[in-house]
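From first to last, the protein sequence lines are chains A and B.
Its first residue numbered 1, the first sequence is counted upward by one per residue in our numbering.
Its first residue numbered 1, the second sequence is counted upward by one per residue in our numbering.
Hints listed in this document are in silico derivations from the structure and should not be mistaken for laboratory results.
Hints may be right or wrong, so weigh each one.
[Stated by the list, open to error] Listed next, the stretches of chain A that the computed footprint assigns to chain B, with coverage defined by at least 3 CB atoms under 8 Å from CB atoms of chain B:
1. 22-28
2. 57-69
3. 72-79
4. 114-120
[Said to hold, decoys possible] Some but not every residue of chain A turned toward chain B, in silico, with C-beta under 8 Å:
5. V36
6. R41
7. E44
8. L47
9. V85
10. T127
11. P129
12. V132
13. R196
Keep in mind the model is a prediction, meaning the values are calculated, not measured.
Think of the CB as a built atom: it goes at the ideal place given N, C-alpha and C, for glycine as much as any other residue.
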Amino acid sequence: MIGGAIPARPDRAPHLHRTERRWIPPIAILALIAFVTAGARGVEAALSDPPGPAVGVGRVRIDPRPGWTEEPALRLDEGPAHRRVLTRGGAALIVTSVEGRRDDASSLAAEYLETVLRERFVQLRVTGPRPVTVADALPGVRFAYLGVTRDRATVEGVVTAATGAAGDGVVFDALSPEGSLAGVASDVGAMIDGARVG
Amino acid sequence: MEVRPHHIHLHHRSLFQPRLPAFWLYAALVVYGAIRIVDALSGLASISTSGWALTWLLLALYVVPVAVLVYRLDLHEREPISLVLGAFAWGAFAATALTLEAVGWDRVVAQLFGPEAATRWGPALTAPLVEETLKGIGIVLIYLIARDELDDVMDGFVYGAFVGLGFALVEDVVYFMAVFGGSPADVLRGFYVRVISSGLYGHVLYSGLVGMGVGYAVSHRHDRPLGTRLLVATGLAAAGVLGHALWNSPVVSSLYPAEPLEGIEWVLVPIVFAVKGLPLLGIVVIAVVLARRRETRWLDRALMVETDGDGITPEELGSLRDPAARRRAVGAMRQRAGPAAADILRRLHREQVHLAMVASRVATRDDPALAAQREHCRSLRIALHAIPGAAPAADR
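Could you build all of it, start to finish, from the sequences and the hints given here?
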């Protein structure tokens with residue numbers, strides 16, 4: 001038997017009672033979260049230009065999302081090969097089309113990896129390709145990569161390759177500084193899915 | 001004689017405080033985050049089933065020991081499990097999901113410094129501020145839900161570290177599967193780079209520092225002016241942000257060996273990361289050691305004068321101030337008087353720590369709350385000694 005009842009834990013002394021302003025701190029926190037998230041969108045919207053006209057890349061048409069602009073200095077038109085570069089902040093979507101390709105999407109992706117990515121990066125890691133469906137329900141392949149440039153910047157990217165019904169091949173190369181690609185993923189996905197090929 | 005200890009309501013609060021608006025804000029954001037993150041991660045499993053399973057196994061090997069280590073850092077008062085798990089859940093779900101929403105700041109960097117600078121320095125300029133702010137909000141919410149539980153710098157470090165650990169877990173899953181490739185070999189490579197080589201320096205440290213800032217600001221409300229508290233708290237949080245920014249920056253990256261790694265280059269990887277991460281790790285270790293020593297000094301100061309009363313004896317204080325001695329005392333009690341006695345002794349230790357808290361907060365030694373807490377400890381001691389074999393040898 002316990003010798004004497006064990007008292008309940010004493011309440012805090014009255015003069016130590018702290019008045020809790022229950023609502024103000026959560027409201028302030030919600031405002032801070034809104035600023036960190038929606039504030040970023042607000043800044044982006046304020047700095048963004050309205051969506052521009054469709055960008056033609058050979059026989060491929062891309063509708064840039066708001067905030068994405070084409071870099072005219074990076075245009076390439078060499079015979080059947082065409083390239084346009086869309087950027088938003090530190091992210092870029094490089095669209096390369098080749099007319100009259102008869103290869104499948106896997107071959108196109110492999111060639112892009114060997115001739116473009118391995119040239120661009122001094123260190124490169126890639127995932128295995130996986131099948132996807134892109135613009136106009138075209139079958140394609142997609143792989144992700146993590147590369148280090150010659151000036152030691154780490155870049156993450158996703159390459160999507162597809163071949164249109166008319167034999168036009170297109171490669172969408174979305175890239176950004178490591179850790180920020182997820183932030184533009186929805187825009188990139190919308191532009192790829194909305195592209196018109198061939 | 002059978003002893004049935006009374007159920008004693010300790011001051012430890014649980015995470016679940018439905019009367020507090022802060023709890024509902026926390027819950028809503030964690031649920032939102034869980035839905036968002038589970039949806040985002042679910043697509044990764046299709047990359048490789050074996051890689052997916054290996055990812056979780058390897059991350060468990062990292063997360064569990066780190067969690068145990070951090071949890072046991074608090075010498076005298078372990079935090080309630082529901083609160084530390086709540087901190088972990090905030091980091092894993094709410095902070096990660098909200099980070100995904102905070103897009104657009106990179107464009108501000110590009111507008112201010114140009115696209116090339118944004119590509120090179122963007123991750124160092126935007127992600128640390130955004131991520132540490134969102135993780136820090138979780139620590140503040142934990143405080144608002146259970147103010148009594150975040151009452152010193154070490155508590156802040158513990159909660160902050162758990163927020164960071166949850167964040168790191170989700171981030172590593174994405175890296176192992178989506179960035180490194182997802183196959184078992186890719187996952188192992190990712191584990192070597194992100195955990196073995198650099199796991200000591202990362203979100204656990206950054207958020208731990210932010211948490212220490214929060215802990216300092218709220219635990220010195222009665223003995224430091226607001227300006228001093230804000231200055232110190234901001235400094236600690238800034239150290240976390242700057243450590244994160246240095247980690248994300250291209251500085252020192254040129255030392256990283258070229259891919260594919262061969263032979264001795266595998267050893268260079270942890271060395272390069274150590275150059276980036278060791279300074280911050282050193283700062284945090286020093287801060288934690290200082291905080292633990294402060295805790296012990298506080299315990300001594302608060303309880304030394306109490307040894308002439310019923311709350312604690314000099315012998316009890318001797319073992320209370322040393323966690324190893326406390327564990328030995330509980331072990332010895334279990335051996336000579338059984339598990340019930342060991343349980344009461346553990347409760348006596350907790351209430352004697354609480355005696356120190358009450359003693360350090362009241363104005364006079366005859367304060368009713370202090371007297372009641374002394375009596376509470378005395379009654380626990382009486383209950384303990386009533387168990388055959390539990391009384392000290394001199395009393396038997």
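Evaluation of the provided hints:
1. 22-28: Held - the stretch 22-28 of chain A has 4 residues with a Cβ nearer than 8 Å to chain B, which meets the minimum of three.
2. 57-69: violated (count 1)
3. 72-79: violated (count 0)
4. 114-120: violated (count 0)
5. V36: 5 Å, holds
6. R41: 5 Å, holds
7. E44: 3 Å, holds
8. L47: 5 Å, holds
9. V85: 11 Å, violated
10. T127: With a minimum Cβ separation of about 4 Å from chain B (threshold 8 Å), the hint on A:T127 holds.
11. P129: Status violated, d = 11 Å.
12. V132: With Cβ-Cβ at 11 Å, over 8 Å, it is violated.
13. R196: 26 Å, violated
Consistency note: the structure conflicts with the earlier hints numbered 2, 3, 4, 9, 11, 12 and 13.
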